[in-house]
Structure formats: structure tokens, C-alpha cells
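Peer 1: The listed protein sequences correspond, in order, to chains A and B.
So the first sequence is numbered by the numbering used here: it starts at 959 and just counts up by one.
So the second sequence is numbered by the numbering used here: it starts at 16 and just counts up by one.
Worth flagging that the hints you see were computed from the coordinates, not collected in a lab.
Fair warning: this is a prediction, and the values are worked out from it, not measured in the lab.
Don't be surprised by glycine CBs; every beta carbon is placed ideally from N, CA and C.
One or more hints might be untrue.
[What the hints assert, rightly or not] Computed beta-carbon distance windows for the label pairs:
(1) B/A175 / A/M1163: 50 to 60 Å
(2) B/V153 / A/E1011: 47 to 57 Å
(3) A/V1151 / B/T155: 34 to 44 Å
(4) B/L23 / A/L1091: 26 to 36 Å
(5) A/M1163 / B/T177: 47 to 57 Å
(6) A/S1438 / B/N335: 35 to 45 Å
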Amino acid sequence: MSEHHKETFLTKYIFSLDHKMIAKQFLITGMFMGVVGMTMSILFRLQLSNPGESFAVLEFFLGEKWAPGGVLDPNMYLSLVTMHGTILVFWVLTAGLTGTFANFLIPLQIGARDMASGFMNMLSYWFFFAATLVLMYSLFVESGPAAAGWTIYPPLSALPQAIPGSGLGQDLWLIAITLFVVSSLLGGLNYIVTILNLRTKGMSMSRLPLTIWALLIVAILGVLSFPVLLSCALLLIFDRSFGTSFYLSDIIINGEALHNTGGSPILFEHLFWFLGHPEVYIILLPALGIVSEVISVNSRKPIFGYKAMVGALIVIAFLSFVVWGHHMFITGMDPFLGSVFTFTTLLIAIPSAVKVFNYLATLWRANIRFTPAMLFAIAFVSTFITGGLTGLILGDSALDINIHDTYFVVGHFHIVMGVSAIYGMLAGVYHWFPKMYGRMMNKKLGYFHFWVTFISAYGVFFPMHFLGLAGLPRRYYTNSAFPMFDGLTDINEVITFFAIIGGLVQLLFIFNFFYSIFKGTKASENPWKSNTLEWTTPVERIHGNWPGEIPSVERWPYDYSKPGADEDFIPQNVPLKEGETEH
Amino acid sequence: MESILVGLIILLSVIVLVQLLRVNELISEVKNEDPNEITEKDNNTQGILTFLIVGVLFLAFVLWQFKYWGIHILPPASSLHGATIDTLMNVTLGLIIFVFFLTQPVLAWFSFKYRGLKNSAAYYYPHNNKLEVIWTVVPTLVLTPLIIYGLNVWNDITNADTTNSKVIELYAKQFNWTARYAGEDNSLGKANYKLVKGLNELGVDMEDENAGDDIITREVHLVIDQPVLLKMRSQDVIHSAFLPHFRVQMNCVPGMTTQFGFTPTQTTAEMKEQEGEDFEFVLLCNKICGAAHYNMKMKFIVESQEEYDTWMASQKTLKNTLTLN
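With the rest of the complex left out, here is chain A (with noise of 0.2 Å):
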């Protein structure tokens, strides 16, 4: 077997081939990302809530320049709301998410000794981390980092005569994203192959784990509309370097006009969010497929309706390629337009309530073990159910016109996406750490965490709706231009109040992350008496992943508490036994 072979440190821990090591990679690239995003938005919301108010910490990240006196600058606000937005989406919880997952996974879950093409998959790994390279770089330009929002909406973001941010720091913001969209798309290709030709005997497509099919899902939406992204992105730079016109029209920007005539701003937003809104189930498909898997592990029981939540997320993924209209209802987009996207839109609540449903079936009459897993999977279902709700407002065209960009908006996406995909990472990693490194995290660390963090999460998210149903806009550096806002300051004061706990106890998350890699309790090969094939590979990370022969599979993943078994659970390689069907 190729696989075994002798790694040296730079071909273990640097340009490893073996996806458990490009997986880490990813993980701990993300987490750092994550804790720059995340510290970004702390800065911010301190000048929200305290609009004007000097902060030693403002002038401690952000210099004199930045923040004089400690005040923030208006443009550095709109520089640093822009880079949480694009670190959190594309940095945090797409690569973070799906590049860890996808690739410790696949091949563990579905028996295979390592993905289609290891090299591609280191590949995408260090263009991920290239683009990385080059989108913190862009945080130290002289004008400072792109600021245009992360949809970067053109004439905006194509003139630096318009805001500072849009000169180098978005020049390098769309190198960044272009070798963002390489790794993601030479991910992409390696997962579907892996999944669809490197299934070991006997794991017939029915009998993959939920994980695995969001994650085929989510691959093949990637694959789909990334490459959407990287024309609209490239029409950019073309029109911000090398005069042409797809996007601007009729401009007259510092009291120059210029020469631009017949490009249209609308037309980005078309190409921006056909890849933007499969972007949003990119992200939260993962999640949606990890919560499946740690909910019916530690429910002891099978998932509930199977083929049911496979069926929904085909239908979720068809439907977010015919929704990205929504995004756009009072652009001057035609409004007949606008009711297909309405139609459509709100076509996904129905899937969405099926796996709700379906998870709540199978918390019914359970024996829950509650590992930090599996609280944060619970933590999924709460906010998966509120955040979907408050999108049947946004969805409805109707309804949108008056709190399109408020913060209802904000308000709702975080809670069900961010927040939910978030929930979903830190219920795989809590899951998945003792395969990864066969060492178990500090489970009262975790319980700390898990209940600072859902408790701060709601008590930033769930005020905001009130923020937009006041109607209060979204990006604005502080609301006291406008005396009908004046009464939101208890409300801002709450939100900073709750980021900022909810920010440290994630560092708490990440102590306990690094000290369990080193001095955890040892794990066992099995710790949560899982069905799925990773738990039968040896705790000793080998290139490989089994030692000997790879597992058959005989059953499905989810023989939890089947009854006649001596245990509650039944590994997926165990055959059936004579005259037992499988479920």
C-alpha cells in the first residue's frame, strides 16, 4: 500500500498528503481566522455601543492612524465590518468548516485510505493558505483593507477615489478570494470523486452517513457556483485596472466624471449571489450534516427519517441555486422577478421543517448522553429553528422592502448561519477530537463553553431583530445622526455587553483545544460507541487509516439501541445477523 510510507516532519506536519494532517491544517487556520474575525467585530461594536468614546484597546489593535485617541475611524469601522464578514464566510466557516471536515471524514467515514488525489488535496490546502497570506497582508496596506462591505458591491468597491479601502486593500481582497476559489474548487472536485468511486465494499450510497452526503451536497454546490464568483470577481479587477465598463455606468466620483457608460452594478449583484446564496447552504450544509451524526450517537438512537433528511438536503441545495434573487428585491430588479424569488424563497421553509422534525423525532424518547457535542448540536436546532424562522419575513419580497439591510437582517443571518454553522464546527470538533488526536478534550472546559457561548450568541443576535424592526440600518459607524434611534442605546449596550463574554470564552475553547492535544486523557479507540468506520481505525494516526484491510460495511450507520443486540450500538462493519433486517 502507497499510503504507508515514511514522513519525515516536513512531509507529516507541513506538505502533508495524508488528509488527517490537511484537515488540521485547515482546522487551525480557520480557528485563527476565527479569532481575528471575531476580535474585528469586538472592536466595532465597542464604537456601536459607545459611539465616539475612546477605547484604549481600539488604539492597541489599530494604531494612531486608525483610531486616534482611541476613537475608531468611520473608514477603518466599514474596513473592519467588511473583513469579519469575508474572514467569517469564506475563511472561518467555509474553509475552516468544510475544508476540515470533508477531508477528515470522507475517507475515515466512507473507508477509503485517503482522498482521490492527496496532492490536489494538499494543493488546496496551501493555495488556502496563500489566500490567507495575502488577505492579512491587505489588513497592513497604507489605505487600509477593502471596506466595501464583504459583497463588495461595485461602483463602491471598484473606485478608491470613493473610500480608501477600495485602492490596494481591495485589490488584494480579490487576490485573495481568486486563489480562495482555486483551493475551494480543487477541494471540491476531490471530495465528490473520493465520495462517488472510493466507497469501500458494501457502502452503497444509501448506506452513507448524513455527514457524508451534506458533504457530496455541499462539494458539488461549490463546484457549481464557485466559478461564478471567480468571473464576477475577475470582471471587477478588470473594470477597477484595466478600464472596462461591466459594472460601472454614468459616474462622477470627486467631481471627475468617467468615461464608463452602459455597465450595470446590478449585474455583479446577479453574479455576486448566484454563488452567494448556495454560499449560505455551503456553510450551513456541513453543519447541518455534522449535527445529524453527533445527535443520533449520543440520542443512542437512529436518525430519524433517513432518507427523509437526504431528500430534504437535495431539495435545499436544488432550491438555493433559484433563491439569490431574494437578496435583491429593491435593487430595481424587475419586480415580476422578484415574486419568483419570493415563490421560491420561501419554498425552503419546507425541507427546513422536515429536518427540524425529524431531529426533534429523534431526541423522542432517546437516552441522551450529553457530551459538549451534543449540546451544541441541540444548541443547532434552536437557533436553526429561529433564525429559519424570521427568514419567512426576509423571504417575502413584500415584507422585505422595510427591513432589507437592517438589522433584522444581521440579525438572522448570524443566527442561522453563523451562529448555526459555528455550533455545528464545535459540535464536530468536540465529536471528532479524540480521532484527531487521540486525546479526549476537558469536558467541564467544554460545558463551561458551550453555556457562555449559546447564552452570549442569543443575547447578541436576538436584540438585533428589535435594532431592524426599529429600522435601523445595517454598517452605519453610529446611529446618533438620526434622533428616531436614540432610544436603541440600551439595546446596542446589551449586544457589546454579551459580544465581548461571548469573544473571551472562545479563547477558553481554544486553551482547552491545544492543552488537550498535548496533555488530554488518552482516548480510546471508541470513545462515544459510534457505529460510523472512522472509530475502528487504530487511535495512533497512521497514513492509511487502518492498518490491515479496510472494513466491509454491512449495515447502515445508525443501528443505535437495536433491539435483540447485546449493545446499543453496532458498528457498521459488524455483518447482520442471521434473519435481521436491515432497519
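The hints should help you fit chain B onto chain A, whose structure is shown.
Peer 2: Leaving out everything else, chain B in the frame of chain A:
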């Protein structure tokens, strides 16, 4: 000096944490148990906590917010179509609040009720097609009328007849708004960005016969119960004309004209009586447009026909502004 101190404090807290974890592990070792195994006691504690925090504390927090922060929600719409949006909003909010208070307690209750205790066992229940059909069909049945209702409201708003509406242009640029009334002929003169120069700050083509009677203003006055059609343009980047009290929002996009028609139903004076003396109808920018995005506003005033006529009589037409100066 300060940063060294902060660094030291962080270092010390990490060391303290490590020592605490060590002590914890040593105690477990003495007791001969695995410190990270999930015990029945853990299941019990965490199950109860889930019930108390997810099922009680969180839901109480939500109710508390409605009670104390509900007053910040915008007052009822001051426009004709706005009232239909508000009704749709209330119906939808009612529905989602109902589902919210139905599902969250079930989640918390199941987590608590079925926490793993001694001798408890899970019930092998992989699927039930009948149940699954029910919870596919029920959401569909609930959503169908909601979708149809929403589409009707949307169509009424976007397809409203605007032939008798007074036409007003909103012109956005970094970082202010300008309005242009279409004048006596109720027809805006053509404009071209290349004509923006000096006093002709909107680039109106003065050779167009509709242009002369256009009137440029810094605030917008509207007559109660008279329909208006706002036409939006932008000079530089995308802005968004947001009039929250009228339930009006439309992006202003360079290179094209967008529009939104509505009919105000309450005067500023009436709103002052209701909401306090400080009340004004305002136009905000609601699309990130640069450093002073948060500061971009214009006053809207709704008044009677007489008040409006008096104000309008004091405004100069574009022809006067551009030729007399």
C-alpha cells in the same frame, strides 16, 4: 509597560488554568475514574440545565425583549401600501412566534425528559412515513396561503397605477440627497451625468422642454393622501433611499433610474402629536456608500395642500436658478 502587564496577566491565567485542570485530573486519578467520561450525573445536570436555559431562560428573555424593547418597533405605517405591509407582517410574525413557542419548548423538554439515566434505554425508531408525510404536508399547507398573500401585496405595491402621481426625483451622491420636483408639467427634464456642472448639480438637460419648470430642493414636502412617484438616480455609488415610516425602500443605482410609488396618509403634525415633538419623517441611506454613509439624510414633510402650496410658491424653478444667476 501596560502591554507587558497585560501579557503577564494572560500568561498567569493560562498557568492557573493548566494547574486547575491538572488538579482536576489528579483527583479523578485518585478516585480511579476517567475525568472526561460522560457520567450519569453529567447527563442529569446537563439535561436539567438544557431545560432551564433553553426552555425557560431563553424564552423568558425573548418575552422580556418584546415587553421592554417592543416600544422601539416602528409606529404603524404612514402610507397607504404600508398598512398592507404591516398587516402581512403581523400575520407572518404571529405565525412564526407561534411556531417558535411550539418547537423550542419541545426541544428543551425532550432533551430534559430523555436525558440518559440509569436503566433508561432508547427506543429504536428509524422512521415513520406517515408522520413524515404529515410534517411535510402541514408546512406546505400553511405556507401556500402565506406565499399567495405575500405575492398579492407585492404585486399591488409594484404594479400600482402611478399615472396621477406627482413625480419627484431623489438624487443621491456621497453624502447627501437632493430632490427634484417635476414642476407644472409633472414631467422631469432629461438628465445626463456629463452635464453636471456648477449650479446644474443634477445634470439636467436644459434643452429638454420638460426641464425648465423642474424645481430642486433640499427637503421633500408631500401632500397628505396625494400619490407620489419617487424616481431615484445616483451620481457615484449605489445608495438606497429608505423611508422607514412610509415602508418605502429602493436602491439608487448609477447608470439607471429606479422608482417607488406611494401615498402618505399621515401629516408630520399628526405624527408629532402621536410620537413626540422631535418626530420627523426622514430619508436615510441604507446601502453602504462610504465613510459618511451613516450621516446621509433628508427631511420629508407631509402637510395639507395649502401648506404645500405656500412652500412650493417660494421655490425657484430650474430655469430661474440657472439663468438668473
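Peer 1: Indicate, hint by hint, whether the structure satisfies it.
Peer 2: Do the hints match the structure? See the list:
A hinted range of 50 to 60 Å holds for the C-beta pair B/A175 and A/M1163, which are about 51 Å apart. At roughly 51 Å, the beta-carbon separation of B/V153 and A/E1011 lies within the given 47 to 57 Å, and the hint holds. Distance hint check: the CB atoms of A/V1151 and B/T155 are about 36 Å apart, consistent with the given range 34 to 44 Å. A beta carbon spacing of about 31 Å between B/L23 and A/L1091 agrees with the range 26 to 36 Å that was offered as a hint.
The beta-carbon spacing between A/M1163 and B/T177, approximately 55 Å, falls within the hinted interval of 47 to 57 Å. Taking the beta carbon of each, A/S1438 and B/N335 are about 37 Å apart, inside 35 to 45 Å as hinted.
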